[in-house]
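A.B. asks: Got chain A sorted already, so can you dock chain B with the ligand onto it with the hints?
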Amino acid sequence: MYPAQFDYRRAGSVDEALGLLQENEDAKLMAGGHSLIPMMKLRLAQPPVVIDIGRLDELRGISEAGGSVRVGSLTTHADIAASDVLAAHCPVLAEAAGHIGDAQVRNRGTIGGNIAHADPGSDIPPVLVLLGASVHLQSPSGTRSVAAGDFFQDLLMTDVGEDEILTHVDVPALGAGTGSAYLKFEHPASGYAVVGAAASVTVQDGRCTAAGLVVGGVGAVPTAVDVSSLVGTDLSDDAIAAAASGLDTEDPIGDIFASGDYRVHVGKVYGKRALAAARDRA
Amino acid sequence: MAGVLGTSIKRREDPALITGRGKYTDDLQAADMAHAAIVRSPYAHARIRGIDTSAAEALPGVLAVLTARDVAAAGIPGVVPVGWLLPDLKTPAHPMIAADTVRHVGDAVAVVVAEDRYLARDAAERVAVDYEPLDAVADVVAALEDGAPAVHEDALGNVAFDWEIGDRESVDAAFASAANTVELDLRNNRLIPHAIEPRAVLASYDSSTGEMTIHMTSQNPHVHRLLMTLASLGMPEHKVRIVAPEVGGGFGSKIHHYADEAIVGLCSMKLDRPVKWTATRTETNLTDAHGRDHSTHCALALDAEGRITGLRVDTAAAMGAYLSTFAPAVPTYLYGTLMSGQYDIPAIHCHVTGVFTHTAPVDAYRGAGRPEATYVVERLMHLAGEATGLGPVEVRKRNFVPADAFPYQTQVALAYDSGNYGPAMDRALEMIGYDDLRTEQASRRDNGGKQIGIGFSSYIEACGLAPSAVVGSLGAQAGQWESADVRVHPTASVTVYTGSSSHGQGHETTFSQIVADKLGIAPEAVEVIHGDTDLVQFGMGTYGSRSAAVGGSAIVKSVEKIIEKGKKIAAHLLEASAEDLEYVDGSFRVAGSPDRALALGDVALQAYLAHNYPDDLEPGLSATSFYDPANFTYPFGTHVCVVEVDTETGSIDLLRYAAVDDVGNVINPMIVDGQLHGGLAQGIGQALWENAVYDDSGQLVSGSLMDYAVPKIHNLIPFELDRTTTPCPHNPLGVKGVGEAGAIASPAAVVNAVVDALAPFGISHIDMPLTPEKVWRAVNG
Ligand SMILES: Cc1cc2nc3c(=O)[nH]c(=O)nc-3n(C[C@H](O)[C@H](O)[C@H](O)COP(=O)(O)OP(=O)(O)OC[C@H]3O[C@@H](n4cnc5c(N)ncnc54)[C@H](O)[C@@H]3O)c2cc1C
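Chains A and B, in that order, give the protein sequences.
Adding 212 to a residue's 1-based position in the first sequence gives its number in this note's numbering.
Adding 204 to a residue's 1-based position in the second sequence gives its number in this note's numbering.
One or more of the hints may lead you astray.
Derived CB-CB ranges, DEER-like [stated by the list, open to error]: (1) 254/A / 985/B: 38 to 44 angstroms; (2) 233/B / 460/A: 57 to 63 angstroms; (3) 260/A / 292/B: 56 to 62 angstroms; (4) 859/B / 422/A: 34 to 40 angstroms; (5) 253/A / 319/B: 17 to 23 angstroms; (6) 654/B / 460/A: 25 to 31 angstroms; (7) 254/A / 221/B: 24 to 30 angstroms; (8) 458/A / 859/B: 32 to 38 angstroms; (9) 361/A / 966/B: 41 to 47 angstroms; (10) 388/A / 391/B: 53 to 59 angstroms; (11) 358/A / 654/B: 38 to 44 angstroms; (12) 373/A / 218/B: 48 to 54 angstroms; (13) 388/A / 214/B: 53 to 59 angstroms; (14) 654/B / 260/A: 49 to 55 angstroms.
Keep in mind the hints are simulated off the structure, nothing from the lab.
No residue lacks a Cβ here, since even glycine has one placed at the ideal position from N, Cα and C.
So here's chain A without its partners, still in its complex pose (with noise of 0.2 angstroms):
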């Protein structure tokens, strides 16, 4: 497998980044390049210039402030995984990180690389979607933030203009008395998720005040579904089973390890199991 030729370039700041892309017409960024170079060897993408943002450190790390961790765009899924601040804060996010592929790819594979090459069977999507994060994205014009439910557009496809960076996304904590849970069904080939159920209740005085449920791998983006049936009960399984059997998407993918149909019968199954345990962990 051997790329396409392609001229290299090193980026010391988000500034110098965000020059050379206006330079270079369809240059391509690299965070950790676990996506774009398979894409690259595969002829799949054969970008003229790439442009190694891998060392910005201003782009990495997790801190939490009024309520929200922030999680730099270069912050590696195995530091994710690890942390101390989503594990007290948004501790369905480093659940989700810990699935990720092996221990290489987490070493290497970046949170803002994750969402940005938007794979509908990427573990981070469904649960930036159910937590609410937004996505910061800076571009020689300014910076914007755009919410995780709108930035997600369809297969590979984001809200990422050609002329800007991901910085960091936001991630509201989560509050008092609400778990949450991931829960991954493996493609047995690729190691990505054939369904990723990521899924939060609340709970005061034993009934159920907020629940959220989104799913990965069903649909080309993360599929969100209502579970707002859940409120106000006590959150029995058969209550859970019910609001989770409400995932419905037009149009599911498939592929020969597993159809649309099955996908969307598999992601009921894994919504239910995702919400009960984020109901145990409560």
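C.D. replies: Showing chain B with the ligand alone in chain A's frame:
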């Protein structure tokens, strides 16, 4: 050295391999080396209207672009031959480079040679081939239907051969009078071998000497030299040297002679320069010979006591687009002959149709025919256990060939030399805690939720290929003996030159153990050389679990000759008679007076000095032997798999896997266990995950590791292994062979376990691989 045979000394191969110092073909560099990239058909079937190479040739650094026209102009045979002939076998030509028709995705149409491999790839993309796409057929059953696209004009109905063994009439009679019958339609899924190291070749032709050295990924360098020179390049055999450096796995895929290696040889001859080619993973998936791919109808007849009275098998076996080296033998002589399994079956008939398809060729892959046969027999035995009410254990025990019946002549040609099947089954039951498992299964069935199942596979295999006269009479175009040259040096260290070329099995370790044991020296004093046609006399290579049984026996034969000669030298020095000498613990001594003795070193030194030496004896202390076995060897065993099935999603979890194997005497238990682990991983992989899938147009949709699931360590569980030992009676080591046992036994054990778990749902069969979706659909009607 006493006690060295049968002990788990560490593999001497590993320090280099695990520190990255092993040299594989792709690691080799030659001065002035150029790089080849092969242009391959994107169509499963198309006519080539024309090829325009000019844009590729115009790229600076491109040295040559060759097509079928250049093969013809070179005046060489230019074909890839088949090495096993069956009666009435259709053998359509397989050109090194397709001339006017391509017959599978990946068929070679041109080759580009350039100064570096990136450039070669870029240039390959610029070769413009004008294809006229034609209808294709990739499925083995569809290829037999009326009006199916023809793969070769001279193979009517896509039939390569029509073969049978056994007695149809007696089987029909058995079914007519049967108290019970079970039958099954099954698919044996197509597999891609997936050696971690892709195929690679570095060919170095030197016009000043007319010699060519080819370093390549080979399981059998001498066989490759023969086929390469005779059928492809038309060079004199003595002018070609083939070297297999470290080879990173093969599983059969590196036995065969492929077009690609010959093409690279031609490039080197044309350019008078070394040329290297290493397959990409995509190329290996498209062009390595695949394994299995059968469609089978089979049935078993039983009497009122549950004794088998007849077995009927009808199989369509895919050959792919061309006949690969040993392809015709795999679904016939390595398949139909195994149909008696471990059982005393009075009537068997097996009919096999070899079928051309527009796919990669199919040939030997770990187990080669025997996993397919075991799957047929052991799936039927599971059904027989259900149908008779005897259950899987009793129905097997009732039909085992009794221990006192050996040698046992089956109805399908093979004569089992030895065996004792009951104890292996009993030990497996004991290890797994069978009765407790059945109790737990019953309670899970009552309570719902995840179900467990227990599956058995009592397998037999024929390995240690093989008596040359027998395989010759069956169509092999090669002998199946093995050779060993054992040289004792003046200082009593030893070098062994073996024809068994290792590609990961640990021959250097185990062969040194054999010599150390027989000569009473340390294994460290023995070096093992293999994989080089210039160094090694001749050899048939490593496949069919033959290296220990055949290659090891050749070594023993040579060591025995050395001891005989040493006795003559020692007798002369000790002024004794050679008949009175014995060889014990590394010294020659006069029987009865152990103080009159000479160490091997004293004798070896004198063999080379020849100062004080018998008149009628040649100097030197070495011996070459060619060992041709008297029979196959017949390892056997019982494997038990326990699975848990999540009926809500169809997911399967392996809970336990116990294997009791009888591979005869064991040279190195750790290596034997390692071979079993690898074979089990591949067999379980076949049962649960692996599947080479072509779509209707003949595109390989499982062409990458993103879609083709090879088992990874976290998918598996610790295996529980044990052995019984029934030595092979006809070779000097009493060994049988272990390389394929795991892959042969395990698919049936896993599928039987899943089907057992799902019995309450009325499920009696699901085709491999048992993906969750298939299981879920079966459970939900
Ligand atoms: C063997 C293997 C197994 C894997 N298994 C899983 C799995 O189980 N689950 C899972 O979720 N993922 C999996 N992945 C993907 C892994 O998580 C990748 O690391 C991730 O998807 C991409 O991150 P990266 O940092 O490597 O991005 P890169 O490959 O460097 O980039 C990916 C894309 O994002 C763009 N990009 C990167 N950073 C930025 C940025 N800051 N701003 C704008 N655009 C940017 C790049 O231009 C490129 O288009 C696997 C990958 C491999 C190789």
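A.B. asks: A separate judgement is required for each hint: does it hold in the structure or not?
C.D. replies: Evaluated hints:
The hinted range of 38 to 44 angstroms is satisfied by residue 254/A and residue 985/B, whose Cβ atoms lie roughly 40 angstroms apart. The hinted range of 57 to 63 angstroms is satisfied by residue 233/B and residue 460/A, whose Cβ atoms lie roughly 59 angstroms apart. Taking 56 to 62 angstroms as the suggested C-beta distance range, the pair residue 260/A and residue 292/B conforms, at roughly 58 angstroms. Distance hint for residue 859/B and residue 422/A: a CB-CB separation of about 38 angstroms, consistent with the stated range 34 to 40 angstroms.
Against the hinted window of 17 to 23 angstroms, the Cβ-Cβ separation of residue 253/A and residue 319/B comes to about 21 angstroms, which satisfies the hint. A hinted range of 25 to 31 angstroms for the beta carbons of residue 654/B and residue 460/A is consistent with their spacing of about 27 angstroms. The hinted window of 24 to 30 angstroms between residue 254/A and residue 221/B holds, with their beta carbons roughly 29 angstroms apart. For the hinted restraint 32 to 38 angstroms between residue 458/A and residue 859/B, the CB-CB distance of approximately 34 angstroms keeps it satisfied.
Range check, residue 361/A to residue 966/B: Cβ separation about 44 angstroms, and the 41 to 47 angstroms hint holds. Between residue 388/A and residue 391/B, the C-beta spacing of about 55 angstroms keeps the proposed range 53 to 59 angstroms intact. A hinted range of 38 to 44 angstroms holds for the C-beta pair residue 358/A and residue 654/B, which are about 42 angstroms apart. Between residue 373/A and residue 218/B, the C-beta spacing of about 52 angstroms keeps the proposed range 48 to 54 angstroms intact.
Judged by the Cβ atoms, the range 53 to 59 angstroms given for residue 388/A and residue 214/B holds: they are separated by roughly 57 angstroms. Under the hint 49 to 55 angstroms, the C-beta atoms of residue 654/B and residue 260/A, about 53 angstroms apart, fit the expected range.
This entry satisfies every hint, going by the numbered hints stated previously.
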